[in-house]
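For the protein sequence lines, the chains are A and B, in the order given. FYI, our numbering numbers position 163 of the first sequence as 1007, with every residue one higher than the one before it. FYI, our numbering numbers position 42 of the second sequence as 886, with every residue one higher than the one before it.
A portion of the hints provided could be inaccurate.
Copies of the same chain look alike in the list, so a pair counts if it fits in one copy or across any two.
[Said to hold, decoys possible] Only pairs whose alpha carbons sit at most 25 Å apart, straight line, appear in this in silico DMTMM-like list of lysine to aspartate or glutamate: (1) 860 with 900; (2) 888 with 1080; (3) 890 with 963; (4) 995 with 948; (5) 890 with 1080; (6) 860 with 1013; (7) 860 with 948; (8) 861 with 1019; (9) 1022 with 946; (10) 888 with 1055; (11) 995 with 928; (12) 1022 with 868; (13) 1098 with 1068; (14) 1098 with 1041; (15) 1098 with 1080; (16) 860 with 930; (17) 890 with 990.
Rather than coming from a laboratory, the hints here were simulated on the basis of the structure.
Number of protein chains: 2
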Amino acid sequence: MKRIESTQNSLVKHWKKLVTTRKERDKFSEFLVEGFHLTEEALKEKALVKSLIVREGVDIPEEWDVAEVPHYSVTAQVAKEISETEHSQGIFAHCAQPEFTEEEQQRWSTLLLIDAVQDPGNIGTMIRTASASGVDAVILGKGCADPFNPKTVRSAQGSHFQIPVVKGDLRDWTDQLKSRNIPIFGTALTNATPVHETEAQENFALIVGNEGSGVDPQLLQKTDQNLVIPLYGSAESLNVAVATGILLYGLVPKSKVE
Amino acid sequence: MKRIESTQNSLVKHWKKLVTTRKERDKFSEFLVEGFHLTEEALKEKALVKSLIVREGVDIPEEWDVAEVPHYSVTAQVAKEISETEHSQGIFAHCAQPEFTEEEQQRWSTLLLIDAVQDPGNIGTMIRTASASGVDAVILGKGCADPFNPKTVRSAQGSHFQIPVVKGDLRDWTDQLKSRNIPIFGTALTNATPVHETEAQENFALIVGNEGSGVDPQLLQKTDQNLVIPLYGSAESLNVAVATGILLYGLVPKSKVE
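Chain A on its own, in the form it takes in the complex (with noise of 0.2 Å):
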């Protein structure tokens, strides 16, 4: 185990930037994960873990196992240096970025692509309800927030250990469904069918868009069928990872639960 003391180290800058910009995270394609939850939940993709970061006086869990995963002690200073929250558990996983091949890619059959949506925490929030509905894969298109954003992870819950979270071009990959002749299924307020009237799919692929401005219409055109959630009430509209989670359960299979 080794100890850093100073934030001047060059390992904690690095961390540091993780935690702070988008542009170190691409370059890297690395990110950092806090607390103890994410931490265990990041150990259990331990390929992906490059490093163990504890406070000094923090205690690892004696249940997990870690020894073969490099350790490093860091001073509080440090510790605050690297932390995004306000009471840190003072303990970190440095991680890579999951990469999937071509042939990975290929066998997904049910995705949730995600266009323009900005906020992080909706990201994270609809990760974890991708991860929860049992969809293989979430792909981020042009103008989404970072998946690997600390506000994104932290409200993701670990789910980005558990399901694929790829970033793409939407049209790419809609051309690429359409070949494998997998049903995509837009979101829109108009010309579209309410999401109760629609059948489970077996495969399928679910656009849901930007908040303000829903998907963008060129990606709309490509779609084979749109759905609408029917306004009942008199909010002008939902959340999008409200949204996200009655379309994406009125579309999986129900026959799948265990």
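We have chain A; now place chain B onto it with these hints.
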């Protein structure tokens, strides 16, 4: 239009406390909303608006009918003092919290009951979702975040002016609803019916619970039936606002839409 220049003005101090403390909101049964969208929504329930507060240089949209509403023009410094956001739009409405008579409350026959949900953003999203789903009212039990917290108000996007939101004792509420033969649905992980196996209900109360521990077991003993959202994938749970959306849209009659 009165002009206020000092942050030491007693009204400014009252507005600031409405933004920052639940005690002030509870004591006066008032709250402050910020921004063009929320102020416009507030003006749709004009009886609730005690005054408009406008930063110098900010124009009230011409189409707003505000002739009878008291106005205060305030300096940038005063506006900053009472603002909760980083980039304030410089427009606020000082509002009374809506109140409902016993008789009105007895007429509500589709209700969302919230038990000890702590995150203000979740509460706001749930109020917005309830308003969209068309239920009659939202009841917040003990341990819930204040529905008039600025974060809650912001995430509800104006739904506070569209759907009754009241604080109450959920045991009293379940007793009252039972005496009116309104079926009560709890949410639980065991001994529960998958939500997609439930029929839509003309009248119902749905109880959802705390982010970590769910609905109080003592409340669950008073329900007619408990519902569960199956987790088909790896995530251990859903965000409570997402879950509320799936459950409410499972229960509300699907024919209501116009």
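> For the identical chains here, do residue 888 and residue 1055 meet the 25 Å Cα criterion within one copy, between copies, both, or neither?
Replying inline: Between copies only: 23 Å across chains, 33 Å inside a chain, cut-off 25 Å.
> Is it within, between, both or neither when you check residue 860 against residue 900 at 25 Å Cα-Cα?
Replying inline: Close inside one copy (18 Å), not across copies (40 Å); limit 25 Å.
> How would you label the pair residue 860, residue 930 (within, between, both, or neither) given a Cα cut-off of 25 Å?
Replying inline: both (15 Å within a copy, 23 Å between copies)
>> At most 25 Å between alpha carbons: which applies to residue 861 and residue 1019, within, between, both or neither?
In response: Neither: 36 Å inside a copy, 54 Å across copies.
>> I want to check one pair: residue 890 and residue 963. Are their C-alpha atoms no more than 25 Å apart within a copy, between two copies, both, or neither?
In response: neither (29 Å within a copy, 32 Å between copies)
> When no copy is specified for residue 890 and residue 1080, does a C-alpha distance of 25 Å or less occur within a copy, between copies, both, or neither?
Replying inline: between (44 Å within a copy, 19 Å between copies)
> Which holds for residue 1098 with residue 1041 at a C-alpha limit of 25 Å: within a copy, between copies, both or neither?
Replying inline: both (15 Å within a copy, 10 Å between copies)
> Are the CA atoms of residue 1098 and residue 1080 at most 25 Å apart within a copy, between copies, both, or neither?
Replying inline: Between copies, since 18 Å is at most 25 Å while 29 Å is not.
> Is the C-alpha distance from residue 888 to residue 1080 at most 25 Å within one copy, between copies, in both cases, or in neither?
Replying inline: Between copies only: 14 Å across chains, 41 Å inside a chain, cut-off 25 Å.
> How would you label the pair residue 995, residue 928 (within, between, both, or neither) given a Cα cut-off of 25 Å?
Replying inline: both (9 Å within a copy, 20 Å between copies)
> For residue 860 vs residue 1013, is the C-alpha pair at or below 25 Å within one copy, between two copies, both, or neither?
Replying inline: neither (29 Å within a copy, 45 Å between copies)
> Is it within, between, both or neither when you check residue 1098 against residue 1068 at 25 Å Cα-Cα?
Replying inline: both (22 Å within a copy, 24 Å between copies)
The structure is inconsistent with the numbered hints 3, 4, 6, 7, 8, 12, although it conforms to all the rest.
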